[in-house]
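Asks: Could you build the full structure based on these sequences and the hints that come with them?
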Amino acid sequence: MNLLYLIGLPVLTAAALLLARSKEQVRWISFAGSVAQLALALALYFAFRQERAAGNTAAMLFDQTWPLFKSLHINFHVGVDGISVAMILLTSFVVVSGVLVSLNIEKMTKEFYFLLILLSLGAYGFFISLDLFVLFFFLEIAVIPKYLLIGIWGSGKKEYSANKLALMLMGGSALVLVGLLGLYYASHGGTFDLMELSHLGIPADTQRILFPLLFVGFGVFTALFPLHTWVPDGHSSAPTAGSMFLAGISMKLGGYGCLRVAVFLLPVGAKEYANIIIVLSSIAILYGAFATMMQKDLKYINAYSSVSHVGFSLLGIGMLTHTALTGAVLQMVSHGLMTALFFAVIGMVYDRTHTRMVNDLGGLMKMMPFIGTIFFIVGLCSLGLPGLSGFVAEMTVFMGSWENADLFHRIATITACMSIVVTAVYILRAVGKVMMGPVTNPVYLTLKDANWNEKLAAVILLAGILAIGLAPFWLNDLVRPATETIAHQILQVTK
Amino acid sequence: MNDLWIIMKNELVVTTIIFLLLFIKIGKGLKNETLLPLIQFLLLANLLQGFFFNKEGLLFEGIFYSNTLIIVQKNILSLGVYLISLVCSDWLKKSPQLPEFFILMLSALLGMFFMISSGNLLMFYLSLELATIPVAAMANFDLHKKVSSEAAMKMILSSAFSSGILLFGISLLYGATGTLQFAEMSALLDGSPLQMLAFIFLFTAFAFKLSVVPFHLWTADVYEGSPVAVTAFLSVISKGAVAFILLTVLHKVFLPMMGIWYNLLMILSVITMITGNIFALRQQNIKRFLAFSSIAQVGFILVGMTNEGQLGISSVVYFILVYIFSNLAAFGVASAISSQTGKENIDDYKGMYRTNPFLSWILALALFSLAGIPPTAGFFGKLFLLTAGGAKGSFWYIGIAALNMIISLYYYLRVIRSVFMDKNDAPIEKISVGRSATLGLLLCGAGILAAGLFSWIFEYIRGILN
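First to last, the protein sequences are chains A and B. Oh and the first sequence: position 95 is 95 in my numbering, straight run, nothing missing. Oh and the second sequence: position 170 is 170 in my numbering, straight run, nothing missing.
If you're looking for bench data, these hints aren't it; they were derived computationally from the structure. The structure presented is a predicted model; accordingly, all values stated were derived computationally and were not measured. Be aware that a few hints might be false.
[Claimed, not checked] Derived pair list, reagent style DSS-like, types lysine-lysine, alpha-carbon separation capped at 27 Å: (1) A:Lys23 with A:Lys455; (2) A:Lys70 with B:Lys350; (3) B:Lys392 with A:Lys164; (4) B:Lys252 with A:Lys23; (5) A:Lys157 with A:Lys433; (6) A:Lys70 with B:Lys252; (7) A:Lys157 with B:Lys154; (8) B:Lys145 with B:Lys392; (9) B:Lys423 with A:Lys110; (10) B:Lys146 with B:Lys343; (11) A:Lys107 with A:Lys70; (12) B:Lys350 with A:Lys107.
[Claimed, not checked] Some chain A residues close to chain B (C-beta under 7 Å, calculated; not the full set): (13) Leu19; (14) Ile152; (15) Gly156; (16) Met168; (17) Leu181; (18) Ile490.
Just so it is clear, CB atoms sit at the ideal spot from N, CA and C, and this is done for glycine as well.
Replies: Below you can see the structure in the form of structure tokens.
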């Protein structure tokens with residue numbers, strides 16, 4: 001399968017959007033485009049499985065290279081392994097449902113969808129590129145859409161949030177940029193190629209300098225404590241689809257970068273800084289959970305709980321065992337689906353009641369049984385109920401963490417485990433207050449349940465959550481060989 | 001004799017156009033509506049001829065020379081002049097002395113052509129003067145405005161000052177080496193104190209023209225006072241030409257003294273970037289804003305120049321091409337707005353997207369390119385400059401440059417926020433952009449997107465160095 005379709009499709013969709021004449025056309029083009037993305041991602045998944053089943057054990061499949069800047073040895077090199085395929089699937093699920101829930105956007109519809117599609121282009125490009133220059137290009141391409149989506153269509157203190165997000169992410173990418181140039185010159189011949197760099201054996205001294213740059217740089221994108229502060233503001237000010245994209249896709253770019261670039265290329269650095277990562281992510285997990293308990297705004301609740309949940313995938317990366325790395329990827333996928341669905345439901349509630357304050361809401365289940373049910377399920381997924389994706393992912397992370405037998409790792413693991421209790425408190429409290437109990441405002445009695453498009457969006461994301469929760473092995477089998485390559489890099493260091 | 005015609009072809013064509021305009025002026029005179037398209041056509045012809053029938057070679061015993069890189073540089077400058085004549089056409093149309101304006105502009109361009117091609121310090125000095133004095137006259141072109149005369153006055157005084165320093169440096173250098181030829185000088189340089197003193201005077205003159213901090217103080221006032229078309233010319237074409245010749249001087253002539261200028265460039269580029277960025281943060285006038293942002297951009301150009309290899313030259317030349325597209329797009333929008341409404345403050349742009357979506361998108365594209373965000377060409381330009389600057393492996397240097405990209409993003413976003421997000425009950429009314437200005441803005445926009453994504457453009461510049 002040609003991976004360029006993944007880039008070509010969003011480009012075509014965006015071009016078609018520019019030609020669209022009416023809002024109806026804009027909506028249908030984006031919907032069709034995003035469904036095509038989903039189909040393409042599924043086709044990629046099955047093609048990938050077929051290749052693997054046929055015995056192709058190359059690290060990267062569907063590998064293709066075009067020279068871009070020959071004199072600098074920069075190539076447009078694409079290819080996918082299990083992690084990328086999982087991320088691409090996640091992206092396509094979130095894009096389709098994000099487009100569906102925002103069909104009712106009236107303000108500057110064309111621009112809105114154009115930016116959404118541009119964001120998805122950045123994500124696909126990022127996940128398939130194996131050349132660090134191209135990877136960085138796609139990482140940064142998403143900055144403009146994010147900034148404008150929050151600033152124009154957002155709510156609350158949107159200008160502040162948009163600025164904060166753009167500058168913090170730009171700061172992260174500046175660190176990444178310095179790290180990438182360091183890799184380029186550390187490789188003497190000068191190459192940005194990920195696979196070539198992984199074989200080079202970069203000197204330990206260089207790794208010690210470059211690893212923090214790259215890890216923290218990508219870490220900003222994925223809310224590495226204490227650089228997580230853009231997350232609550234950014235997510236709560238963004239429009240519904242914007243929050244879904246930010247939490248579901250954009251934060252995963254960072255996690256993927258940490259794993260694929262920082263840990264994979266610089267295993268010595270990873271080993272040396274692993275304890276710091278573990279401490280920081282444990283703090284993020286606990287701090288995020290406790291901070292969530294104090295929030296009154298539904299979007300802030302989900303944003304802070306995202307900080308906590310993303311902490312699990314960073315914890316998995318910091319643990320550096322094969323199982324923990326797999327768990328980190330599972331957690332990224334699971335959290336992406338779950339948080340996107342959560343933001344979608346919050347958006348549906350907000351569209352109807354025009355408030356996101358937990359204390360103002362109550363008894364909505366009676367009027368909107370569908371939204372209420374989804375709200376319950378996603379809440380339970382968040383607190384890790386077996387049968388849903390959250391359980392599978394967090395469980396894998398904990399199992400992987402437990403493989404490290406010393407006291408430090410044990411304490412970190414147990415600390416992280418404790419946050420689940422806190423999660424249960426805030427999730428059950430929020431869900432109970434919003435959906436159950438007496439109706440707090442007589443106006444709510446006239447509210448309607450979800451439309452067809454909202455239902456469809458929720459069902460798509462829910463299908464993903466259930467597919468991972470009930471039958472985790474397909475995803476596990478997809479990801480495990482890929483994380484083994486990374487774990488192998490780390491093992492070689494110890495020898 | 002045949003060689004003379006073909007090696008100096010670019011200069012001769014520009015001279016011909018100047019004389020043509022002169023005849024038009026002293027003859028019957030044409031209305032601006034017919035004259036401006038004619039000039040634009042001539043400039044386009046001038047641009048296109050630069051791509052054909054070029055020849056490398058030396059003239060007048062090496063005083064004047066030409067090679068493929070120089071021809072590319074000249075074409076970049078011609079392109080810039082053509083784009084200015086397009087994007088500023090709404091202002092130019094109203095100008096009562098249109099032929100004179102272009103006679104001056106083309107004289108300056110002619111000076112720059114000679115400057116880039118010069119192989120001798122005296123030739124260089126003469127052409128630098130030819131490239132500067134007409135611009136001072138252009139700065140005074142808003143005859144009824146006092147700020148415009150003030151700008152011209154400041155410009156001419158500071159240029160005279162820097163010319164004096166330059167001449168002093170040249171004479172010291174002549175005393176130290178006994179030659180004025182670039183080709184012979186390189187071998188005679190050994191870094192003695194006298195030569196260093198001469199180099200510092202010489203470099204100071206360049207720093208004045210490029211407005212490198214601490215020699216930047218004239219920039220903001222001159223930019224603010226001049227008409228937008230002149231500001232655009234000053235910030236893009238003049239800077240570009242001086243950067244081109246500085247590349248030659250540093251990388252060819254003063255290569256033996258690299259240990260000195262490497263550190264000098266490093267320190268100056270850091271100071272320049274930081275100063276330009278910090279002052280740009282609080283500017284209200286769009287021209288002053290772009291003035292300080294252009295100072296910061298010069299800092300980035302210096303980062304690329306620290307690399308004495310091919311990557312250094314190609315990244316700087318490429319960045320200037322990108323910079324011409326981006327900055328002229330921004331100035332084009334500013335010119336369209338200022339020529340119709342007289343508004344030049346960033347606050348006046350609030351809510352502009354509702355009434356002028358086309359101008360807003362072009363402005364956004366230009367600013368994102370200046371900030372170095374993909375998919376615009378500015379991203380590639382900045383990245384190549386940093387790659388060139390990092391060749392010596394100093395992480396902190398690249399780190400500071402990258403940090404400056406964040407600061408600059410902050411103030412570029414401020415403009416974007418005014419245009420797209422801020423609410424305003426009385427935004428700028430719908431501006432009717434003329435046909436040629438629209439064409440110019442579209443060309444700039446296309447250039448911003450294409451120059452980066454079409455990688456062969458950079459590869460071509462890189463290729464001619466081999």
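Asks: So, for every hint listed, does it hold in this structure?
Replies: Status of the hints after comparison with the structure:
1. A:Lys23 with A:Lys455: Distance of about 21 Å is within 27 Å: holds.
2. A:Lys70 with B:Lys350: Violated, at roughly 43 Å.
3. B:Lys392 with A:Lys164: violated, 33 Å
4. B:Lys252 with A:Lys23: Between Lys252 of chain B and Lys23 of chain A the Cα gap is close to 59 Å, so the pair fails against 27 Å, i.e. violated.
5. A:Lys157 with A:Lys433: Satisfied, since the Cα-Cα distance of roughly 26 Å is no more than 27 Å.
6. A:Lys70 with B:Lys252: holds, 25 Å
7. A:Lys157 with B:Lys154: violated, 44 Å
8. B:Lys145 with B:Lys392: Violated: Lys145 of chain B and Lys392 of chain B sit about 49 Å apart, past 27 Å.
9. B:Lys423 with A:Lys110: Holds, at roughly 20 Å.
10. B:Lys146 with B:Lys343: Judged against 27 Å, a Cα distance of about 17 Å means the pair holds.
11. A:Lys107 with A:Lys70: Measuring from Cα to Cα gives roughly 44 Å; hence the hint is violated.
12. B:Lys350 with A:Lys107: holds, 18 Å
13. Leu19: Cβ of Leu19 of chain A sits 16 Å from chain B, so the hint is violated.
14. Ile152: Interface hint status for Ile152 of chain A: holds (6 Å vs cutoff 7 Å).
15. Gly156: violated, 13 Å
16. Met168: violated, 9 Å
17. Leu181: holds, 5 Å
18. Ile490: With Cβ-Cβ at 24 Å, over 7 Å, it is violated.
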